[in-house]
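Since chain R is already given, all that's left is putting chain H on it; use the hints.
The primary structure of each chain is shown beneath.
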Amino acid sequence: NAGVTQTPKFRVLKTGQSMTLLCAQDMNHEYMYWYRQDPGMGLRLIHYSVGEGTTAKGEVPDGYNVSRLKKQNFLLGLESAAPSQTSVYFCASRAEGRRTDTQYFGPGTRLTVL
Amino acid sequence: AQSVTQPDIHITVSEGASLELRCNYSYGATPYLFWYVQSPGQGLQLLLKYFSGDTLVQGIKGFEAEFKRSQSSFNLRKPSVHWSDAAEYFCAVGGYNQGGKLIFGQGTELSVKP
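So the sequence lines, in the order shown, correspond to chains R and H.
Position one of the first sequence corresponds to residue 262 (the working numbering), numbered consecutively onward.
Position one of the second sequence corresponds to residue 386 (the working numbering), numbered consecutively onward.
For reference, chain R alone in the conformation it holds in the complex (with noise of 0.2 Å):
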């Protein structure tokens, strides 16, 4: 039982180049979300997903797309890289419940664009 796990752990681009990255749950979650994490700024929700072949755009989500083709996947995708999107990307999976709600994140993409 892997949980939460994100591919790749690091990336260099070059402003205008494109990337996608993944996350990956195997705990049969409905939702997912994913973050990016700036200096003094706590964690920023981009896009989330309450289920298969569904987004919803977050509170930072100019510039990046996303995609839930399957349940167990969530791909946030650069289509144009920009230095402002250097960052830390964290993905996240919920367990949903009345008592039990939890978000379980995982390692994290720490993205540099140049």
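Hints are supplied without guarantee of correctness; some may be wrong.
Think about it this way: if two alpha-carbon atoms lie no more than 25 Å apart in a straight line, the pair counts; the simulated DSS-like pairs of lysine-lysine are [unchecked claim]:
no., chain 1, residue 1, chain 2, residue 2
1, R, Lys332, H, Lys486
2, R, Lys331, H, Lys486
3, R, Lys318, H, Lys486
Far from chain H, some chain R residues (derived; all Cβ distances over 12 Å) [stated by the list, open to error]:
no., residue
4, Val273
5, Leu274
6, Lys275
7, Thr276
8, Asn289
9, Glu313
10, Gln333
11, Leu336
12, Gly338
13, Glu340
14, Ser341
15, Ala343
16, Pro344
17, Thr347
18, Leu375
In case anyone wonders, no lab produced these hints; they're calculated from the structure.
Each residue gets a CB set at the ideal place from its N, CA and C atoms; glycine is no exception.
Same frame as chain R, now just chain H:
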């Protein structure tokens, strides 16, 4: 507006001393409240959570937190800090019917002096 404020960016305590990390929130619906810990280069680990009922909740690693509705606060405490507690701590608020989306505070970095 929904928000979480952690007033202390950085706190230093001596090993064996007590600890209190502050968290204030603004949330329109019934809040779910969480404390997460992040060690350097790692993902976020859930310390404890509050949904309803007893306002004093116990978590892992000897941490506890008290929910005070009148003060919109959810402060984290530990009676005796260990060097391994040095990390960054995040308070978060969410709602069951809000897609499980979490709003995070800016984080408090804890340093522990020997």
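Quick rundown of the hints versus the structure:
| no. | hint | verdict |
| --- | --- | --- |
| 1 | R/Lys332 with H/Lys486 | 18 Å, holds |
| 2 | R/Lys331 with H/Lys486 | 21 Å, holds |
| 3 | R/Lys318 with H/Lys486 | 11 Å, holds |
| 4 | Val273 | 17 Å, holds |
| 5 | Leu274 | 20 Å, holds |
| 6 | Lys275 | 24 Å, holds |
| 7 | Thr276 | 26 Å, holds |
| 8 | Asn289 | 15 Å, holds |
| 9 | Glu313 | 15 Å, holds |
| 10 | Gln333 | 17 Å, holds |
| 11 | Leu336 | 18 Å, holds |
| 12 | Gly338 | 20 Å, holds |
| 13 | Glu340 | 24 Å, holds |
| 14 | Ser341 | 26 Å, holds |
| 15 | Ala343 | 23 Å, holds |
| 16 | Pro344 | 22 Å, holds |
| 17 | Thr347 | 16 Å, holds |
| 18 | Leu375 | 21 Å, holds |
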